[in-house]
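Q: Spelled out, the chains give:
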Amino acid sequence: MENLIALLVAAPLLGAVVLLLGGRRLDGTGHLLGTVLAAASFVVGAVLFADMLGKGAEERTLTSTLYSWIPVEGFQADVAFRLDQLSMTFVLLITGVGTLIHLYSIGYMEHDERRRRFFGYLNLFLAAMLLLVLADNYLLLYVGWEGVGLASYLLIGFWQHKPSAATAAKKAFLVNRVGDVGLSIAIMLMFTTFGTFAFGPVLSSVDGASEGTLTAIGLMLLLAACGKSAQVPLQSWLGDAMEGPTPVSALIHAATMVTAGVYLIVRSGAIFNAAPDAQLAVVIVGAVTLLFGAIVGCAKDDIKKALAGSTMSQIGYMVLAAGLGPIGYAFAIMHLVTHGFFKAGLFLGAGSVMHGMNDEVDMRRYGGLRRYMPVTFVTFGLGYLAIIGFPGLSGFWSKDKIIEAAFAYDDGVRGWIFGGVALLGAGITAFYMTRVMIMTFFGEKRWQPDAEGNPPHPHESPKSMTIPMIVLAFGSVFAGGFFAVGDRFVNWLAPVTEFEHPHPVISVPAITTATVVVLLAGAAVAWAMYGRRPVPVEAPRGSLLTRAARRDLYQDDVNHVVLVRGGEHLTRSLVYVDHTLVDGVVNGTAAGFGGLSGRLRRLQNGYARSYAVSMFGGAAILVAATLLMRAV
Amino acid sequence: MSATAVHSLWTTAAEVEPIGSIPAPHIEYAQLAPVLIVVGAALVGILVEAFVPRRARYHTQLFLTVVALAAAFAAVVGLAAGGYATTKAQIAAMGAIAVDGPALFLQGTILLASVVAVFTFAERRLDPAGDGGRVDSFAAMAAAVPGSDQEKAAVKAGFTTTEVFPISLFAVAGMLVFPAANDLLTLFIALEVFSLPLYLLCALARRKRLLSQEAAVKYFLLGAFSSAFMLFGIALLYGYAGSVSYARIAEVVDGSVRTIDPALADTMGNDALLLVGGALLLMGLLFKVGAVPFHMWTPDVYQGAPTPVTGFMAAATKIAAFGALLRLLYVVLPGLAWDWRPVMWGVAVVTMLGGAIVAITQTDVKRLLAYSSIAHAGFILAGVIAMRPEGISSVLFYLLAYSFVTIGAFAVVTLVRDAGGEATHLSKWAGLGRRSPLVAAVFAVFLLAFAGIPLTSGFTGKFAVFKAAAEGGAGALVVVGVISSAIAAFFYIRVIVLMFFSEPKPEGPTVAVPSPLTMTTIGVGVAVTLVLGVAPQYFLDLAGQAGVFVR
Amino acid sequence: MSFPILTATAVLPAVGAIATAAVPAARRTAAKWTALLFSLGTLVLAGVVLARFEPGGDRYQLTESHAWIADFGVRYELGVDGIGVVMVALTALLIPFVIAAGWNDADPLEAGSRRWRPTQGFFALILMVEAMVILSFEATDVFLFYILFEAMLIPMYFLIGGFGDRAHAGTEEHAAAQRSYAAVKFLLYNLVGGLIMLAAVIGLYVVAGSFSLSEIAAARASGELEMATTTERLLFLGFFFAFAVKAPLWPLHTWLPNAMGEATAPVAVLITAVVDKVGTFAMLRFCLQLFPEASQWATPVIVVLALVSIVYGALLAVGQRDIKRLVAYASVSHFGFIVLGIFVMTSQGQSGATLYMVNHGLSTAALMLVAGFLISRRGSRLIADYGGVQKVAPVLAGTFLIGGLATLSLPGLAPFVSEFLVLVGTFSVYPVAGIVATTGIVLAALYTLVLYQRTMTGPVKEELRAMPDLKARELAVVAPLIALLLFLGVFPKPVTEIVNPAVEHTMSDVQKQDPRPEVEAAK
Amino acid sequence: MNPVNYLYLAALLFTIGATGVLIRRNAIVVFMCIELMLNACNLALVAFSRMHGNLDGQIIAFFTMVVAAAEVVVGLAIIVSLFRSRHSASVDDASLMKL
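Chains as they are written, first to last, in the numbering used here: chain X, 1 to 632; chain H, 633 to 1183; chain B, 1184 to 1706; chain S, 1707 to 1805.
Please note that the accuracy of each hint is not assured.
Unchecked claim - Here are the simulated PhoX-like pairs of lysine-lysine, each with C-alpha atoms no more than 25 Å apart in a straight line:
no., chain 1, residue 1, chain 2, residue 2
1, B, K1574, B, K1654
2, B, K1644, B, K1574
3, X, K162, B, K1574
4, B, K1654, B, K1644
5, H, K1137, H, K840
6, B, K1695, B, K1676
7, H, K840, H, K788
8, H, K1060, H, K840
9, B, K1644, X, K162
10, H, K1060, S, K1804
11, H, K840, S, K1804
12, H, K784, H, K840
Calculated from the structure, these hints are not laboratory results.
Build out the structure end to end from the sequences listed, making use of the hints.
A: Next comes the structure, spelled out in structure tokens:
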């Protein structure tokens, strides 16, 4: 069985290599090959899953070491895999959703002449992501970590001829790099502290290390997580990442890659458990992002950007949960999975809408689409109900648990604060998602002809696109319930993440009711604002908050002024310094000698008698010096 | 003067030599063979000028000269093989001449250098042939006024100044004696014997005669001036020690003298005589090696003199002068080391730096090489100062290496010509590498050797002297030397850049194809440069064995 | 007396150089092939050396020793340790690519004098450089090394000054001026460094009375050779200065951008990927072995300089408008990493540094050569003159991207391994330095991706519409490099296991132990 | 009388000669000044010879005269040729080569 693990990664990797090196001759069949290999990976995952279920909770962890990667004195980095319940969860999510989205892309990218390459990149992503979750040590995880970053870079910038896409891709990579600094420093800290960075040894010998060190490691891991999972303050790239093709947004920037941060934190749970300060930081980041994303989501008219905001916010929930420690890990992952289903579904739905609307993304130019694309409408609607946490659907189970856990964060003020934030978030979520729903599928048509002037003819998307949507819709409806009933999911994960029951500051039923009330309120407000009144095609100026939210709360502007401008000035001045100062010193010396030479050679004035003088003087000096030597 | 005084004069004299038996001087002809051969050949050369018909003179003289030099060299080798360089080293000719390692090594070097230099003297393919046949780079009729009808006639008739061969032979003879001189008188005579012919040779350029004459005048006046100082120094030393023999003076200086008569005791008490005398003598020699501040004749003379002569001077004079300097400092004045070493330090430093710095802004190849020769003099001085056997051998080696590079370089200079004769202005050398890569490459090799780039003789020599200096505790001097080498590198590189990386000028000079003579000179130069750079061990051994003075 | 394989590795290219130079002016292609074949032959020999080298064996293997200049205590002593053998292999490996990449760079534009043979000269010089570099990696005699260290400047100088990049702004004269300025700057910087080293070399001889690395090291170890602290420090500085110029280390780096900017891309690769490595290699071999105490004394300063190089180089790379200068500054940054790794004196640091030399060689070669192909197509080095290349020449763009990703040391590509090793090695002894250095990886991403974005993405520039994609020859040059980058990225073991023993030797020279971890982790 | 005085005289003459070389323009006169210096040396030599009571000094003096004569031959030849081509014997006119 162990040997199969490598196969999980190998299959999509093979696909990537073949598709990218294959050249034109694969243009016809490339996408099929890619999809098949993704599916193959999923099948392998399923087999391993079945095998795992067959075992007792304790011996479910599989490890396999392929070879010693970097053998250097006192430094052991192996290419080794670890398949336990946690990674298995991810494997299934990644390969499952991944396969569906491959399927979807076949239709979605039909008319793109570079489709083969697109599938190559998708496979590359799957390979990297699987490597990330299967790695048995942090360094190998780092490889996957940057690998998914690369894949996301390539896919965001897939339409490279669009400057905006290229810029977005670059931005994504750079912001992620900042996070990666955190990860690499964390790894170095582990190395200096434990002399290794393999999961087993590190996590099992945490007790020995000082809390300060662990806090440092924790914070560094958090920084990494912020980068990858678009958490404040490194969230700015996610919105722009929507430049990529919609399947990419669905797979990478909703379902899987962006959740890697959560995985990292949960995986490193032992470290965080021993470093409460780090945990607090995690919780705060989660809470802030949760609100940040939600607010941004409320103001965006670009459907994908709105969903992106929501993603940010939902991941905020997960991070918050992960920060709560053993009471939250399981729920974080659970929400991660359910979110994977419904957010992917939502994105695919959005993609399907755009597909029918000449790639229009502005919701103000949609309206009344439910009649024209029923399947999309239904699936999207179910996803919508799921995400707002409508009782009974996936989102309800996972999110509600997180809110409970948040209230349970050390009985007292903190519990109230973070619980409240989580609760509030739920309300805002309901608001902006309702807004999206209404603006897209209800109300009157506000369609506009596209740049070429041909009006849109909305139509349902081909089967290859709708089937994945339907499957995901099922997921978004039932997954949560399935997981929650009898704490299936929690028990499943417990051996890895350990679990203790949260004890909220107020009773669980109260919290649940509060949640439902809040979300209904949110939905109602949204209906009042967008359902009852007609939606203007041109966005109104809007309140201060709205305008701020449209500009991602000015975070980009700050970055631009501080980092970009500042950086440009810095480099420019450095270039100047290098040229004038560092170089100048040398050239100056040379010039100095030249001048000296020019002055000295004037002594050579051509007059024999002056030469004689110098000789005479020289003789005099010689004599004088000799006598002087004797004198002293 | 009273009779007793007169008598005492004799009697005191008698203490040096037993009364009444002033023996007939016995001369070890064998040991002096090199010098004698050269002098003899020179005299024959005069006769040839007198009696052999003009047509035949050139070949006769060339043959005679080369054979003489070769024979002399053979004699040197013979002596060295006979152990005179090491075990049987001795003072010959009534104490006048030392036959020892350094002397023989330097004589050998001088002779070799002279041979290749004479080849360039004899080069006749470079200047366009006149009606009277091919001509070399010496004046058709030195006595004629430049541009006068008389000269035109002489040129038309294709006269050539074949006297240069005997003249140069005389110079060589003087140079052979100079480093071997074992008393001050011989030293002085040798100095004049090789200086006077050089003065003349400088005046004999075929082209640019005004410059040539000017060079001669400057060289002559300043040379005479310096030799006057030197002579005065000799006088004072003689006054101090009461003798001109090196051995004797040395004894007196370090106080190991056995018999002290009252007069000697009197003068010995007066250090001023010794110090001033020594200083002036030193100055005379420093003038010849072209050390700052006695260097100022060098650029002008090097530029004005006929290029073959310049090469000859630059190489041979330096060898001879440094030989004499070594002998003086190591044999005569070691007892005075504490006094002269600091002074020489100063001289070495200013010479290295001065030569290198002034060279940066030179625009004439020959002047450039002149200044570079000054800088090199400084490097060699660093070795001289070491005051240890390695010092001697390293200097000997350096001289060997340097002389061939120099002659080669100047030989290359003779090849680059335009209407006005040699095109020595640097601007004309632009793009030479494009027009005739071979010549440029060869010259580049020489320049790199001057710059002391590894795998050339220049590096080995520089390393040797610096090493000796460092071992002699002159580390600071080494650092200065290194710095000035860096400065020097700059202008050698400049020439290379000019030759290879700048576009050739349309009206640029042509590169004359020389006869086998000059080719040999250049070829030997390159060969020696590379051999001494890559596999110098044999020659280092030679210099090492030769590095012991007889006293 | 077995076959002197090490000498052979140097002699073969030298012979090749002569053979190439001897090819008649008209037969340019013949000259090229001669050069290529000889370089391949050298590669084979290097392979043999690699094969015959036993990682577990003596420190110096395949040694040769012959009397040379007894007066100076100089012997012709060769021998390779793990580091040396790897560097030899790297050099021998890169030269064929350099030659193939520069295939048409030296064809004379106008028919000059019939004796003017630029093409022959170009390839002959490259082989000459190869010979000297290889020998300098094998020399275990300080004097011999010094000679090569200096002598290799001359052919390099002619390569830079004589065969400039034809893509230049402004007139031919201006370009020529720029070129010779760059060449002279290169030569003077290194010559000054070398001469200062010469003083130190002489000093070393005066102190130690020998030039043989092994002898001196042994004498030092046995304590029979005592160096006064000041003496040792002065000598160390003399040596280090020369190597720091060559490496180049801030603030002695300014010759590199000029040289790499003006030279043709292959020559630029030769400079940064091959010749400069001699500097870092020499730090490892000579500075640390001969002057361990002084090295440790100087470590803090050097670490700081290295950090400055890393950050400063990267920032300047961001600020460049000229593609090749950008790569040059990137190299400055990378050399900062190498020096850092060498002087933090931990096994990881030094293994990393050695590995880094190899990987940097490969990655820069890849990036620079592709850049060269790009530049030769458009005839401009300015980033601003490009845009949207990936649309017209996807393969070129792809290879360029991979080269760039290697430069920013993306995990999975070789440079990541070495860079991370250096970082870990640094962090374990100088945490702050480690963190500062880590910022370098962000900047690296910045300049690489900005370069890629500006040149390859966006709408296609008019002038580039007709740009052809990589030709077979060019692909043949780049593909193997990329393959190697990938291979060593996932499986660096072949190199590390050769390097490790050598590193342990060095560590014992400087009497350093790796810091123990805080906690003994439960394995 | 005390031979030391001759030395003082010699020194004086030598200095006069040297000064002459430095201040006079006419090549011939300069040359004569040099001759004067040589003769000063001769005087010194002879004086020392007297003091030490051996003959070396006197012998050198003779040699010096010969050398001086030789110098005259060479020197005049050069100077005359210079004079003929420039119609001036001023050493300062001969300053084409400088810097």
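Q: Where does the structure disagree with the numbered hints, that is, which hint numbers, in rising order?
A: none
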